[in-house]
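Engineer: What follows is each chain in one-letter form.
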Amino acid sequence: MLFNSFEFLLFFPIMIIGFYLLNHKYRWLWLLLGSYYFYMAHEPELILLLIISTLVDYYCGIKMYEAKSKSIKRHYLLLSIITNAGILFAFKYLLFFTTNIQWVFDFFGAEVLNDQDVNSYNFNNILLPIGISFYTFQTMSYSIEIYRGLIIPERHVGKFALYVSFFPQLVAGPVERASRLLPQLKSDVKININNIKQGIIMMAWGFFLKLVVADRLGVYVDEAFRNPDSHHSLSLVLGSIFFCFQIYYDFSAYTSIAIGAAKTMGYDLIQNFNQPIFATSVAEFWKRWHISFTQWIRDFIYKPLVKKNRTPRLLAVFIVFFINGLWHGANWTFVVWSLLNALILIIEISTKSIRYSIFDLLHLPKRARELIGWGTGISLIITTLVFFRSPNISHAMVYVKSMFTFNNSFHINILDNYFELFLSVILIFVVQAIYYYKGNSKVYELFTERTKWTKYSMSLAYILIIVLFAINRQNSFIYFQF
Amino acid sequence: MLKSFVIKLFIIAITFITIYIFFIDKLSKGFVDTNYNKFTQEASGLIIGLSRANEGISPSIIEEELKEYNFFNKPIVNFAFNEAHFGEVYYEAIKKKIKTDNGLFILSISPGNFTSPLGLDDKKVFEYDERLTLGKINNFVSSPNYNYIINVYGASLYNSLHNLDQWNHRVSHLDGWNEVKLASKLDTITDKDIEYWKSLTLKFYEQKIKTEQISSYRHNYFIKTVEYLKTKGEVFLIRMPSDSTILKIENSHWKNFDFEMDSIAKSFNIPYLNYSKKSNNYKTYDGSHLESESAKEFTELLSKDIKNNLVE
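Line order of the protein sequences matches chains W and A. For the record, in the first sequence the residue sitting at position 142 is 156 according to the numbering used here, with numbers rising by one throughout. For the record, in the second sequence the residue sitting at position 171 is 173 according to the numbering used here, with numbers rising by one throughout.
Accuracy of the hints is not assured; some may be wrong.
What the hints assert, rightly or not - Distance windows between CB atoms, simulated:
(1) E132/A <-> R88/W: 46 to 52 angstroms
(2) A297/W <-> N165/A: 50 to 56 angstroms
(3) N165/A <-> G32/W: 41 to 47 angstroms
(4) S193/W <-> L11/A: 29 to 35 angstroms
(5) P326/W <-> L202/A: 47 to 53 angstroms
(6) I205/W <-> K28/A: 38 to 44 angstroms
(7) E44/A <-> E237/W: 55 to 61 angstroms
(8) E459/W <-> N165/A: 38 to 44 angstroms
FYI, nobody ran anything at the bench for these hints, they're computed from the structure. C-beta atoms are modelled at their ideal positions from N, C-alpha and C, and glycine is treated no differently.
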């Protein structure tokens, strides 16, 4: 079910009313059933994968905790990881893997599968379960944390199932740790008007970001990326800038709605963004972008690689970014995008002392250094995102090449609609100004800190803006596909 | 406190719904989009096909040319547009659109009507179609058609505050025909523009050929559609004129297309009128779609051929 659908507008109030009407003892069941319904609204049969993942991790968690020896613990951890990674591989990467294997064999002139074999597998018909990368990573973190002795397992299978499938963050995160979310889901939440207000305002902000801003930018981006070689350089530059903001606002919108929905029930989800566009370096950008996931990767892949396996840091960074790329999708475009970021990150870190020496030599003040860092960092991030958005590498190369081939044309109005273009730019400035002053997590203060009549006016203005300026497409969120 | 909060939420929800309905209704009274007029009336006859038919065949000219004869009932609606590939979704929409038994049905066909994205089986092609315009709505005949506006209209509702098509060269007629004029109040499409757009169209076709396949599912539903329409009136298969380079690309994708279509037409005892060989007589504005004057000339010729066929 999409947050930006009419179904959700009916589903959500029912969930909230039911939640507060029910006794604390039964709320987990209500939320679990609601979460499964929410998931099944898309592809009902794929709920089985979620249930398998839940049951295996529930079982492994208890067995790991009860295990006397480290080796038994490790066996159960492996079972959990193989199950989750196996599901992920089978449903997300199998086609990608076989295509690439076949390509390698073709390259060397060996026939590994004939056409009939390939057709008989019919990999194209394997459905990609929505949100699979999110919930498998969330449940894996649960198993790893038990293995490390950081948490104790949840004995109540229903409450554990709710942790895995909690509907606000089920399909696109934030990737929550059990140590944060499970205790909250088990606590007896009393009705609190301020929580509900805060939650609704965060959700309203998310809907504005998605429907009015991200989807609007997406119209221009779609056109720019459709035929990059038929557009002029400047319009492609603008297309890539717009895409950077589109994906940020799209994902940030989802996170705001998820955080808001959970808040109305008294639960706090982790904030996924911390003003990433204002980051003054690529390293800082990655600390501020998709925080729940980058922390996951840092804690469960990077640190063990460096500290336990003594992998050289440089190699560890490449491994982590390779996984980051693959996590986003079974396509080399994501891998190239992520590895380019790794490369930039390494260059940035290794040239730090030289850059600082030059800055010192030029007596550049802190603000000027930050500005240079910001300008360079964001330009590189925007350029690499071309790979993220393109359907394949050659398309991305055409885009980048055309983007950097200036042909004395200042034509940027590729939609033949100056009003929409102007509106898109204005909206980016407005959103960034709000994020600059309030951060990503306190946007609700824009509303709560006002007088009664200002609130009424703001509510009416909000309704008019959504009705008149929302893009009426019910587009799914970009991160749903991951 | 809770009570007053719930009341406020309720008032906000009611205000939202009221304002939303007001602007949906306002939009329906003006220009919605280029396809909206295809979904606002029941039809006795239909023009079926993709964008070439959408812009190249005027139902009112056919009605006018054949008004002396009582061959079929009216109105004829141009129900062709660029997402209308043969398949279950289009088939069901056509069934819901037709109101009488004595109609005229013109199916504009080219290899493009039979393509689907590479690698999709029948079920996936159906699901693909369901996500497009025809799959999103279940009402094809109401005026105003709120079902269409809510589910298909892809822009913002502030457009209800003006009554303009974004592209001033296009006129969207109430019978579903989208006429493209070379000269508008503001500017004229020059030969240079046409050459440039043609180069884009060619690129599009070259790209499309790499990512699309001829689908047996679409072929089966084409047969099914013809079978159904035969029970509802007179059916004509036609292939429209287009640019010779584009026709060449199409023909290379499906080598015996004209022969196979002719055979199908003969098996149903209906005419297959192939105008692709007369492409030089008409002018397109982008290599693929007829501009206004050529569309009118073409529709007149088509009407005469229909008349000749029915008189015979």
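Engineer: None of the hints should be skipped; say for each whether it holds.
Structural biologist: Okay, the hints, checked on the actual structure:
no.: 1; hint: E132/A <-> R88/W: 46 to 52 angstroms; verdict: holds (47 angstroms)
no.: 2; hint: A297/W <-> N165/A: 50 to 56 angstroms; verdict: holds (52 angstroms)
no.: 3; hint: N165/A <-> G32/W: 41 to 47 angstroms; verdict: holds (45 angstroms)
no.: 4; hint: S193/W <-> L11/A: 29 to 35 angstroms; verdict: holds (34 angstroms)
no.: 5; hint: P326/W <-> L202/A: 47 to 53 angstroms; verdict: holds (49 angstroms)
no.: 6; hint: I205/W <-> K28/A: 38 to 44 angstroms; verdict: holds (40 angstroms)
no.: 7; hint: E44/A <-> E237/W: 55 to 61 angstroms; verdict: violated (35 angstroms)
no.: 8; hint: E459/W <-> N165/A: 38 to 44 angstroms; verdict: holds (41 angstroms)
Hint 7 alone, counting from the list given before, is not met by this structure.
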